[in-house]
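Engineer: Spelled out from the first residue to the last, the chains are:
Protein chains: 2
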Amino acid sequence: MKENKYDNPDFFDQYSRMTRSVEGLKGAGEWHMLQKMLPEFEGKRVLDLGCGFGWHCAYVVEHGAVSVTGIDLSEKMLEEARKRNNSPRIAYKCMAVEDFEFLPDTFDIVISSLTFHYLASFDDICRNVNRCLSQGGTFVFSVEHPVFTAYGSQDWYCDQEGNRLHWPVDNYFGEGLRRSTFLGEEVVKYHKTLTTYINGLLKSGFEITELVEAQPQKELVETILDMKDELRRPMMLLISATKK
Amino acid sequence: MKENKYDNPDFFDQYSRMTRSVEGLKGAGEWHMLQKMLPEFEGKRVLDLGCGFGWHCAYVVEHGAVSVTGIDLSEKMLEEARKRNNSPRIAYKCMAVEDFEFLPDTFDIVISSLTFHYLASFDDICRNVNRCLSQGGTFVFSVEHPVFTAYGSQDWYCDQEGNRLHWPVDNYFGEGLRRSTFLGEEVVKYHKTLTTYINGLLKSGFEITELVEAQPQKELVETILDMKDELRRPMMLLISATKK
Numbered sequence: 001m002k003e004n005k006y007d008n009p010d011f012f013d014q015y016s017r018m019t020r021s022v023e024g025l026k027g028a029g030e031w032h033m034l035q036k037m038l039p040e041f042e043g044k045r046v047l048d049l050g051c052g053f054g055w056h057c058a059y060v061v062e063h064g065a066v067s068v069t070g071i072d073l074s075e076k077m078l079e080e081a082r083k084r085n086n087s088p089r090i091a092y093k094c095m096a097v098e099d100f101e102f103l104p105d106t107f108d109i110v111i112s113s114l115t116f117h118y119l120a121s122f123d124d125i126c127r128n129v130n131r132c133l134s135q136g137g138t139f140v141f142s143v144e145h146p147v148f149t150a151y152g153s154q155d156w157y158c159d160q161e162g163n164r165l166h167w168p169v170d171n172y173f174g175e176g177l178r179r180s181t182f183l184g185e186e187v188v189k190y191h192k193t194l195t196t197y198i199n200g201l202l203k204s205g206f207e208i209t210e211l212v213e214a215q216p217q218k219e220l221v222e223t224i225l226d227m228k229d230e231l232r233r234p235m236m237l238l239i240s241a242t243k244k
Numbered sequence: 245m246k247e248n249k250y251d252n253p254d255f256f257d258q259y260s261r262m263t264r265s266v267e268g269l270k271g272a273g274e275w276h277m278l279q280k281m282l283p284e285f286e287g288k289r290v291l292d293l294g295c296g297f298g299w300h301c302a303y304v305v306e307h308g309a310v311s312v313t314g315i316d317l318s319e320k321m322l323e324e325a326r327k328r329n330n331s332p333r334i335a336y337k338c339m340a341v342e343d344f345e346f347l348p349d350t351f352d353i354v355i356s357s358l359t360f361h362y363l364a365s366f367d368d369i370c371r372n373v374n375r376c377l378s379q380g381g382t383f384v385f386s387v388e389h390p391v392f393t394a395y396g397s398q399d400w401y402c403d404q405e406g407n408r409l410h411w412p413v414d415n416y417f418g419e420g421l422r423r424s425t426f427l428g429e430e431v432v433k434y435h436k437t438l439t440t441y442i443n444g445l446l447k448s449g450f451e452i453t454e455l456v457e458a459q460p461q462k463e464l465v466e467t468i469l470d471m472k473d474e475l476r477r478p479m480m481l482l483i484s485a486t487k488k
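Residue numbers (the numbering used here), protein chains in the order written: chain A, 1 to 244; chain B, 245 to 488.
Derived by calculation from the structure, the hints in this document are not laboratory data. Treat each hint with caution, since some may be false.
Quick list of the computed label-pair ranges, beta carbon to beta carbon [said to hold, decoys possible]: (1) A:226 <-> B:378: 49 to 59 Å; (2) B:258 <-> A:183: 42 to 52 Å; (3) A:101 <-> B:308: 40 to 50 Å; (4) B:463 <-> A:156: 34 to 44 Å; (5) B:417 <-> A:66: 32 to 42 Å; (6) B:488 <-> A:162: 48 to 58 Å; (7) A:220 <-> B:267: 43 to 53 Å; (8) B:308 <-> A:220: 53 to 63 Å; (9) B:470 <-> A:135: 48 to 58 Å.
No more than 25 Å apart at the CA atoms, straight line, and that leaves these computed lysine to any residue pairs for SDA-like [said to hold, decoys possible]: (10) A:203 <-> B:458; (11) A:244 <-> A:37; (12) A:218 <-> B:419; (13) B:472 <-> A:155; (14) B:280 <-> A:205; (15) B:447 <-> A:217; (16) B:462 <-> A:196; (17) B:447 <-> B:372.
Source: prediction; values computed, not measured. Where is the CB? At the ideal position from N, CA and C, for every residue including glycine.
Isolated chain A (complex conformation) (with noise of 0.2 Å):
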């Protein structure tokens, strides 16, 4: 459940090498919708959960956020982002998500990015977040898409030529434990059902306010190969909500 991946070197040298890490958020696909779903930062106090190299942290003290907290579980991703993304106005701390505590009323608005499908609850988080919210706030996240994890393997269904048929989907009310093969390494993810996320966030009382099935900008799907495949299956689903 705490599986800290990003701090084996090999696999910290190829994530290093993703565009998303090179250029940061303009280098994520999902980062046109994404950022169209959150809140205005101006003087808020804001949590991001698993921040990685800190892109977003630094995002967010730019429009005015007066403090960002951004924790993940790997030290090698930190040192990264105090020295891409740093600000005084930024604290980067390194540990679990399951660990932070989530005091009453300490934030105005919690982010996470791509994070939550490596842990095993999503009620727990949904609980968590909500305490930690002030009356109103805003939680925006990003995650693998249960179509894109409930069969495993995260890879498509091809013939003998490699040729891609169709995106697998099996097992998809059998949630929990997947591996699968990521930047060269074996990573563990936890497939959630689409009825986890939404029920899970309206029974810690959330009210959702959007739903987004990431898909890619128009340019890149026809100007990189292999983008028009991203229209084929869902990859990642965004929701953004507020606390009641």
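Assemble the complex: chain A is given as a structure, and chain B must be docked to it using the hints.
Structural biologist: This is chain B only, laid out in the frame that chain A set:
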């Protein structure tokens, strides 16, 4: 868009033999979950979009609704409804959902079972349903799940021996017409993404109150052949929402 397959005698004959047609609500695999999502009907005015044999209309009246309007495109379905589920408090009307006049503040509850995937636009439905509901009114419906409708064939991907390997997903973001075989006939349905369902509701002024991906009851999984496969992919999406 207003395809009326249910008035085709062969198709109707096949449909009439389905467990859900013979046994009514208790013969429908998703009923045990949909039932829990329904509001109190005592004293309420109810609209049922795509009422079929009228099983839901009868249920609603039995639970105290003062009036129910059941609309369906198929005259043959409504003939059966009038025979099997008649009540002075139920008014059956033969027309397409798109042609119904959704007058402001005329219903307290709108329900719909497995109808909207036959209609091209979900945004139109949301706007219309929202208009005809009273303040705080409830909208509960089931549709075929986007995972179920995306590929189009609505069938498992099998090996040469016919073993079900997995459920195929493709062309997920390509919303619109799909042709599949149901009860031996070609049926036209309209695939929509989850984003379209959720944001359609939110944009037209609903608050999502619950989302459920239907699963069969445990006893059925243990006793009926192939029922375990229903846990391998989601087939139906159930949503309840209230007018804000």
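Engineer: Evaluate each hint against the coordinates.
Structural biologist: Evaluated hints:
1. A:226 <-> B:378: 49 to 59 Å: 50 Å Cβ-Cβ, so the 49 to 59 Å window holds.
2. B:258 <-> A:183: 42 to 52 Å: 51 Å, holds
3. A:101 <-> B:308: 40 to 50 Å: Holds, at about 49 Å.
4. B:463 <-> A:156: 34 to 44 Å: 36 Å, holds
5. B:417 <-> A:66: 32 to 42 Å: Because 38 Å falls inside the window, the suggested range holds.
6. B:488 <-> A:162: 48 to 58 Å: Distance hint for residue 488 (chain B), residue 162 (chain A) holds at roughly 50 Å.
7. A:220 <-> B:267: 43 to 53 Å: 51 Å, holds
8. B:308 <-> A:220: 53 to 63 Å: 55 Å, holds
9. B:470 <-> A:135: 48 to 58 Å: 49 Å, holds
10. A:203 <-> B:458: 18 Å, holds
11. A:244 <-> A:37: 18 Å, holds
12. A:218 <-> B:419: 16 Å, holds
13. B:472 <-> A:155: 24 Å, holds
14. B:280 <-> A:205: 20 Å, holds
15. B:447 <-> A:217: Status holds; Cα separation ~22 Å.
16. B:462 <-> A:196: 19 Å, holds
17. B:447 <-> B:372: Within the cut-off at roughly 12 Å; holds.
In this structure, every one of the numbered hints holds.
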